[in-house]
Amino acid sequence: MYGLAMIKGLMVTLKNLTRKPFTIQYPEERAKQHPRFRGEEFVWYEERCTGCASCAKYCPLGIIKIETSPSGTMIPEGGKYRLEVFDIELQRCMFCGLCVEACPYDALFMGSGFEQGQYSRKNMVITIDQLRNAEKHPSTWYRPQLEGYEGEADSFRRRPTISQGDSRFSYDPRGGPPLGWREVGRESWRWHQHEKAGMRFEQDNEGTDTRGEGPDPSVRKDDEAA
Amino acid sequence: MSCQLASDSILYANGIYRVVYEIVGVVLPCWVAYAIAGLVFAFILVNAVLLGAAAITWGERRLLGRFQNRVGPNRWGPFGLFQPIADLVKLLTKEDLRPDGSDRVVFSLVPVLMVAPLILMTAVLPFAKNTALASLNVGVLYILAVSSITSVAIFMAGWSSNNRYAMFGAARAVAVLISYEIPVVLSLLGVVMVAASMSLGTIVEAQALPFFLVQPLAFFVFMAGMSAELNRSPFDVAEAESEIIAGYHTEYSGVRFALIQAAEFGGVGVVAAITATLFLGGWSGPWSEYLGWLWFLIKTGIIVFLFIWFRATYPRLRIDQIMAFSWKFLLPLAMVNLIAVTLEVFLLRGDDGVLTVTDLAIMGVVNLAVTVIAIAVFGNLIKERVSFRTRQPQNVVVPGVSTIEVI
Amino acid sequence: MALRAVSGEDLAAAVNQEFPGAVVDFDEVSAWVRPTRINAVAGFLKDSPDHDFQFLNSVSAVDYVEYFDLVYHLTSLKQQSSAVFKARIFGRDNLRAPSVYSVWRGADFQEREIWDLMGIHFEGHPNMKRIMLWEGFEGHPLRKDFL
Amino acid sequence: MTIRTEPMTVNVGPQHPSTHGVFRVRITFDGEDIVEVEPVFGYLHRGTEKLAEERNYVQVVTLTDRLDYTSSMINNQAYCLAVEKLLGVEPPPRAKYLRTLTAELQRIASHLIAVGFFVQELGAFGTPLMYGFRSRERILELFEMLCGARITVSYMRPGGVFADAPRDFWPALNRFLDDFAEEFVEMEQLLLENEILMVRTRGVSPIPPEIAINNSVSGPVLRASGVNWDWRKQEPYDAYDQVEFDVPIGSNWDNYDRFWVRFQEVHQSIRIIKQCIAQIEPGPVRLDLPLVLRPEAGREAYGRVEASKGELAFYLVSDGGISPYRCKIRSPSLINLTVIEHLLVGWKLADMIVSLGSIDINMGEVDR
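If you're matching them up, the sequences are chains S, V, X and F in order.
Counted the way the numbering used here counts, the first sequence spans residues 1 to 226.
Counted the way the numbering used here counts, the second sequence spans residues 227 to 633.
Counted the way the numbering used here counts, the third sequence spans residues 634 to 780.
Counted the way the numbering used here counts, the fourth sequence spans residues 781 to 1148.
What the hints contain is simulated information worked out from the structure, not anything from laboratory work.
All values reported here derive from a predicted model rather than from experimental measurement.
Check before you lean on any hint, since a few could be wrong.
Claimed, not checked - Anything over 10 Å on all C-beta distances counts as not near chain S; from chain F, calculated: (1) Glu818; (2) Val820; (3) Gly827; (4) Thr828; (5) Arg982; (6) Asn994; (7) Phe1025; (8) Leu1069; (9) Gly1126.
What the hints assert, rightly or not - For lysine to aspartate or glutamate, the following EDC-like pairs were computed, each having C-alpha atoms within a straight-line distance of at most 16 Å: (10) X:Lys711 to F:Glu1015; (11) S:Lys57 to F:Glu834; (12) F:Lys830 to X:Asp778; (13) S:Lys32 to F:Asp948; (14) S:Lys8 to F:Glu973; (15) X:Lys777 to F:Glu833; (16) V:Lys554 to V:Glu407; (17) X:Lys679 to X:Glu651; (18) S:Lys8 to F:Glu968.
From the three backbone atoms N, C-alpha and C, an ideal C-beta is built for every residue, glycine too.
Starting from the given sequences, assemble the full structure and let the hints guide the process.
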């Protein structure tokens, strides 16, 4: 009334003048990125992939292209296909993460970066070689095992707490070291041990046999026996 | 061949001008010295206005940023100080567009016509003691007259652009400028009456007590009127960016746009300087006479800050409300102020026609009371009020739903 | 407090009482009325105090290849009830249906959208133009045969 | 003497700074007064309904994010409710609470934008908008914590939500609620009683309740017209039958009331969120449904929610296949625009922008 509220408004803006800005200056500072952030580059573990192409089928835009070698050219053990092409057209990707949701073997993860800007559209396609060679910083989107949950049921057992976050479970995809394929699976989950992720059985370039470097098959037997 | 400036010349009081004139006059004919000294001072003034405009764009953007809890431009130079230069370079390298169907001559003339009055206005401003280029004895009148050229330029811009938004902006700008000229002139009459002079230098010297304390009502009316004439918030209808894109300068780009922006922000600076001179005591301040320029800058800065602060806080009024505000609120206030000041000057002035500091203080106290009463009486426009208590409404469409209503 | 859904049977009975023969069919949620009677039925459902369906939630069209279904979802704010009535239009070319614009102004853009995307022309609508696509666009994209 | 005036037609939009996106309206002015209005849509038409017929039921969730991009969570919720109705299933209670909670957070975010842009259109140079964005930023951060994205969330799935909240979500939510109370009071002090805002909006463009109902207007606009109709009350979905809140309504039906109703709804949303936090119980968050859903042939469902803009509904028809046979989106923004002629004609250019802001349209939803 009589401009008093206008003076009150002036005081509000004056108060904010003395306050620290809430924006951050991007290249120097970065916003805190949460572990579930659906980043641009995909993280793919060839050792876990069976070439089932669930991700390609489930992609709403159909931007994942998978070609496998014909069946019979590979050793039949584990029923795996060898992948020859795994292209993800990032330019059309909307990062919904449904491919990750569809992957039954924890082989595909969302990445955690967001700086894949390119000058040419050609470069916006992630190829299988890039996926193989990239540093692997997987996001925890749809992968609760990375958030420190020990089992499916564990995530439902808690009540919301007022206390501060539990630092034991803080996983920082970007800041931490890259994760290998043995560290990201759900093998430690009790129910998951019975249906192990498809492990890759193949001679690698050095000629050593990587077979059996997954979780020890004997564990499963013991578990079943128990 | 030495030249001496006549002591009754309007340029006589200006020390810089006189020194340049006399030194140059030693070697060159007097009329050349006259021109060279004028050009030297004009150079200073043009740069003062344009650099001032650059500084104000920077200050406005930084301050608006901080008012809005963000940082503002900070990439170029320390604290983003070179941002205006970067803007200028960007604008200069842009294509100079002229819309199809526009009036070529008028369209091109506008930026010049926008900037020229500002520089003309600075000619009578005393930055410090004895520094006004021309100590005109009708300084106030001169400023009012010259500042009106801007409205012609704005209308030219709107008309020649062949754009309906620009036309809207121009029509609004002219309407606003015409209505606000009157309260501004009336509010200045009070100042002139107390100072008993129209010369800005004399007005500064008369301010033993700054006039915004002596005549708060005139200060308020002048600030509001100048906000409107400058198209500043909350009266920025002429270039209301959310309604009519950019108003009259919608079609301007490149270097012409740069000049129009310079005129706008330079206008803020010049008007702030005039306000500081007329109401805040100009260059007068404590300590040394030679620090006058500093006091002047500080006072100008305060006024500029006020303009930016209002812009950060207030929404815009509608054009008819702006007119109503001028005619129904500011004009009566200016009249009240004029009558009050006339009576006070008539009663308080001594036989020698001089008002002492005590007289000014008495006037200030009386005028403060007058201000409060006048705003309370004429404050119809700003009396809108809603109660913020909520209540359970009586007749609702769907019974049984807990509902609250504003009273 | 929950909304009471008027069953198709009740709706069909009420409409049939007012306009005999207007209802073609009904199931548990909705009643089908003759396309020619849409406007009359709509006016009745809106104005009769028993129903009082003042609020038209949405008008949809569904392409079943042999025929189109126009679906009207209604709500009564006073009665706190909702109802659905449909109209079945056979054919694929030059389809016409009466507009409910005069009953519920809210059908304005939705009917235009149906004309634009499904190709059912509403007669009695004052501004039956394309809404999403431009005039001169060939075909109606939401039809099943539009590729 | 009467001055002869000539009507002038101006295209406002689709590149106008304050038509909320690519909305275009062809307006005939007499001076500054509006005599004729013709809205033109379709500049953002992406054919969402047709696209939905090509995708399976879960993939459509990603399309709903892009309808009203300022309230994606609520769009997710509406679509998931429709699919659940189609399947005849009900999500587990914890999922219901999580949905309610996130939908209310999203409503706050959306209303902050609505209020911010409303005042921006009144001419306040970005300050209330930035204050709104300041709080909205925190909400988006919470969403990133929940589901890895800020705008295109895709958080909900038919049969629940995709995953439970992470461990640090709850403390962060509580911190947000504490800070938001303070920040929101600041916005109220700045805006609610501001005289300029009041003279600009009081009594401008009123929509009487009869006209609002006949024009199928919904959401805050309908409530500002004095009709206390809220689908969260009338047809409680998810956990809304477990929480208490009031329905704010307007008494003058004008722009100010629409603005005020949004402010009050933010308060009510906070109330709901606090009750959700208190009531939520541990448990599963997603039904064990297959990735590819196949509802029975011939079923149809009309799932609606009270979105931030109004009644958002998905009308799904199934033919037994893996994708919806028909997915009609009842978009509140488009249908609220029906009232545009009543809203604008007779008012001034400056009011037109503000009135458009007061209905709070979102072009992603208008054009779909």
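Hint by hint, here is what the structure shows:
no.: 1; hint: Glu818; verdict: holds, 34 Å
no.: 2; hint: Val820; verdict: holds, 28 Å
no.: 3; hint: Gly827; verdict: holds, 14 Å
no.: 4; hint: Thr828; verdict: holds, 12 Å
no.: 5; hint: Arg982; verdict: holds, 13 Å
no.: 6; hint: Asn994; verdict: holds, 36 Å
no.: 7; hint: Phe1025; verdict: holds, 20 Å
no.: 8; hint: Leu1069; verdict: holds, 12 Å
no.: 9; hint: Gly1126; verdict: holds, 29 Å
no.: 10; hint: X:Lys711 to F:Glu1015; verdict: holds, 14 Å
no.: 11; hint: S:Lys57 to F:Glu834; verdict: holds, 13 Å
no.: 12; hint: F:Lys830 to X:Asp778; verdict: holds, 12 Å
no.: 13; hint: S:Lys32 to F:Asp948; verdict: holds, 13 Å
no.: 14; hint: S:Lys8 to F:Glu973; verdict: holds, 9 Å
no.: 15; hint: X:Lys777 to F:Glu833; verdict: holds, 10 Å
no.: 16; hint: V:Lys554 to V:Glu407; verdict: holds, 14 Å
no.: 17; hint: X:Lys679 to X:Glu651; verdict: holds, 13 Å
no.: 18; hint: S:Lys8 to F:Glu968; verdict: holds, 10 Å
The structure fails none of the hints (numbered hints given earlier).
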